[in-house]
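Note that the protein sequences, when read in sequence, are chains A and B. Each residue of the first sequence is one higher than the last, beginning at 1301 in my numbering. Each residue of the second sequence is one higher than the last, beginning at 1301 in my numbering.
One should not assume that every hint holds.
It does not matter which identical chain is meant; a pair holds if it fits inside one copy or across any two.
[Said to hold, decoys possible] Below, computed lysine-lysine pairings styled on BS3-like, alpha-carbon distance capped at 25 Å:
(1) Lys1606 <-> Lys1450
(2) Lys1413 <-> Lys1606
(3) Lys1575 <-> Lys1413
(4) Lys1419 <-> Lys1346
(5) Lys1338 <-> Lys1394
(6) Lys1384 <-> Lys1517
(7) Lys1606 <-> Lys1575
(8) Lys1450 <-> Lys1575
(9) Lys1603 <-> Lys1575
(10) Lys1497 <-> Lys1330
(11) Lys1450 <-> Lys1544
(12) Lys1330 <-> Lys1507
(13) Lys1346 <-> Lys1307
(14) Lys1330 <-> Lys1603
I should point out that these hints are in silico values taken from the structure, not numbers from a laboratory. Keep in mind the model is a prediction, meaning the values are calculated, not measured.
2 protein chains.
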Amino acid sequence: MAEVENKQIIFKGYIEGNPRETDMEFKVGKKMKMEAPKGSGSLLVKNLYLSCDPYMRGRMRNFHGSYIPPFVPGSVIEGFGVSKVLDSDSPKFKPGDIISGFTCWEEYTLIHKTDQLRKIVADDIPLSYHIGLLGMPGFTAYVGFYEVCKPKKGDCVFVSAASGAVGQLVGQLAKLHGCYVVGSAGTNQKVELLKNKLGFDEAFNYKEEADFDAALKRYFTNGIDIYFDNVGGSMLDAVLLNMKNHGKIAVCGMVSQQSLSQPQGIHNLFNLVIKSITMKGFLQSDYLHLFPNFLEDVVRFYKQGKIIYLEDVNEGLESGPVAFAGLFSGRNVGKQVISVARD
Amino acid sequence: MAEVENKQIIFKGYIEGNPRETDMEFKVGKKMKMEAPKGSGSLLVKNLYLSCDPYMRGRMRNFHGSYIPPFVPGSVIEGFGVSKVLDSDSPKFKPGDIISGFTCWEEYTLIHKTDQLRKIVADDIPLSYHIGLLGMPGFTAYVGFYEVCKPKKGDCVFVSAASGAVGQLVGQLAKLHGCYVVGSAGTNQKVELLKNKLGFDEAFNYKEEADFDAALKRYFTNGIDIYFDNVGGSMLDAVLLNMKNHGKIAVCGMVSQQSLSQPQGIHNLFNLVIKSITMKGFLQSDYLHLFPNFLEDVVRFYKQGKIIYLEDVNEGLESGPVAFAGLFSGRNVGKQVISVARD
Chain A
1301 MAEVENKQII FKGYIEGNPR ETDMEFKVGK KMKMEAPKGS GSLLVKNLYL
1351 SCDPYMRGRM RNFHGSYIPP FVPGSVIEGF GVSKVLDSDS PKFKPGDIIS
1401 GFTCWEEYTL IHKTDQLRKI VADDIPLSYH IGLLGMPGFT AYVGFYEVCK
1451 PKKGDCVFVS AASGAVGQLV GQLAKLHGCY VVGSAGTNQK VELLKNKLGF
1501 DEAFNYKEEA DFDAALKRYF TNGIDIYFDN VGGSMLDAVL LNMKNHGKIA
1551 VCGMVSQQSL SQPQGIHNLF NLVIKSITMK GFLQSDYLHL FPNFLEDVVR
1601 FYKQGKIIYL EDVNEGLESG PVAFAGLFSG RNVGKQVISV ARD
Chain B
1301 MAEVENKQII FKGYIEGNPR ETDMEFKVGK KMKMEAPKGS GSLLVKNLYL
1351 SCDPYMRGRM RNFHGSYIPP FVPGSVIEGF GVSKVLDSDS PKFKPGDIIS
1401 GFTCWEEYTL IHKTDQLRKI VADDIPLSYH IGLLGMPGFT AYVGFYEVCK
1451 PKKGDCVFVS AASGAVGQLV GQLAKLHGCY VVGSAGTNQK VELLKNKLGF
1501 DEAFNYKEEA DFDAALKRYF TNGIDIYFDN VGGSMLDAVL LNMKNHGKIA
1551 VCGMVSQQSL SQPQGIHNLF NLVIKSITMK GFLQSDYLHL FPNFLEDVVR
1601 FYKQGKIIYL EDVNEGLESG PVAFAGLFSG RNVGKQVISV ARD
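Could you put the whole structure together from the sequences, leaning on the hints where they help?
As structure tokens, this is what we get:
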């Protein structure tokens, strides 16, 4: 039986602040048998695309109170990916199938938990989109916008980290819904993309704003109905001052909060009371019954040319650490993907 | 026509921190004609009971972004009251009627806005309860608990400022709903009342707790489903650490936040994301369609002996400033009322 070398990205040990390239290590792992052992129910896959997602920072911390356990120091990093089945001991999959779901940051993975894996039906949509537009980030945008924000036509919507994997879809869905949409991002290039490619009504570079409150007042003269929050911190604090009565805040992420042990203070929560604001944290995994509707709607929008999706693809498994660390400095433009193999 | 002296409590000028007795002034106002002028649609009333409510602090600040405008310096303080109609130019009310609604802190008031006034039907419920149990605070507890928290039997409920005008009813409604209920208060006397008179399962004196997180863990080994927040600040921060997944926080007040310009920072909002928590500010005025249901339910519970209501009654209009300032140091035990006249 064929045995092959398996290149891997290893999680070195728990961190406190933001992930750095040096918190991960590229190495050649043990030789691996190219089979899914009989009776194991597992799949042997070749990983094609791996997903860099901000939530993974939480798994690098020694914190066990979250919805997903921390990584194990010295082990291969886990994450979403698009993979090709090489051998299958599961009746649901056969060699040659392309799947998306949880895999590991390595060339070949033996996947034991197969219930959440999804078979990808070949069409003209790029395979990597199944960890972005049609994967967890896209689904997060979809349920966050429609289910958590419950938008109405004409609503004034603000999206932070607006060119990111989630934000770019939120903004486009909001435009399709008839909303006025403003996004913030961290470079002028991203601001241009938001306005000229992604169809946002307005966008601004938060790094060039000394006063977030003043920046928001410039774009929302009558206040904000919906804030899709990907960052937390001082932007959230400024947004609270600019919400309309009965406004809604979907709290999707707090990527600006580098430290779990000393997060920044939010000072303007009294606005929740005086303006009857609802602020709701959510996890896409609570809405999985809507996944088929999501796929149907977003695939249709995409095929009709009503939405586009920006990706930032790093070539080669070795580029994983630098790509992942870059998420937290805003290096990526659009959804960050690692391309491991083309087929 | 009879003209009488009219004693009044005057709002002296805008404040920053908590109200002090000296921010208000007792004086004898202009002589007043004992009539509701023809064609004015107004009512002349004699005020019997006046309500001291924490939201009134907001009206003492020079801040115009709230749901209710600030008081006018030099003018009589406005608030909820129970009053007797002496003369009426409105077809809806006649002399002798007892009403509850917005009036002023004085002996006699000419009320021009009569739409929100409610006629009280005489029964064996104390008149003053119409600004407490059966008034705005009681209604706030009712809609906050049932509509905002949407409780289930068996839920673990925490109430801060639990012996106050709102909190004491929230806790009793939660017990009637089959919940486990813990309250916090600021004196050992209040803690005793919560446990022995109001039927809370547990209660603690927050002033004797060095570590709110540890205190909450003592009473909620498996976490909190519902937090009815009357105080904000560091208690809210500790609660966020102890919420269960999909928990709900009804933000009713932030009485601990003395300063609007420098409110305390809340550091643990990342829990909203990792636990899918909903945090909702609300105003009772958004739910007025439920007022008849509220009255029916709460009057029934009261008459059945299933709930009680604690009041702290100060005698005489002159006692208004001291009674109101006392709300913010926790001097009051139960709903703070000023008794101006018995009939």
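Right, here's what the structure says about each hint:
no. : hint                : result
1   : Lys1606 <-> Lys1450 : within (21 Å within a copy, 38 Å between copies)
2   : Lys1413 <-> Lys1606 : neither (35 Å within a copy, 52 Å between copies)
3   : Lys1575 <-> Lys1413 : between (45 Å within a copy, 24 Å between copies)
4   : Lys1419 <-> Lys1346 : within (14 Å within a copy, 76 Å between copies)
5   : Lys1338 <-> Lys1394 : within (14 Å within a copy, 89 Å between copies)
6   : Lys1384 <-> Lys1517 : neither (49 Å within a copy, 47 Å between copies)
7   : Lys1606 <-> Lys1575 : neither (35 Å within a copy, 34 Å between copies)
8   : Lys1450 <-> Lys1575 : both (17 Å within a copy, 20 Å between copies)
9   : Lys1603 <-> Lys1575 : neither (40 Å within a copy, 35 Å between copies)
10  : Lys1497 <-> Lys1330 : neither (45 Å within a copy, 68 Å between copies)
11  : Lys1450 <-> Lys1544 : both (15 Å within a copy, 24 Å between copies)
12  : Lys1330 <-> Lys1507 : neither (45 Å within a copy, 59 Å between copies)
13  : Lys1346 <-> Lys1307 : within (11 Å within a copy, 86 Å between copies)
14  : Lys1330 <-> Lys1603 : neither (43 Å within a copy, 76 Å between copies)
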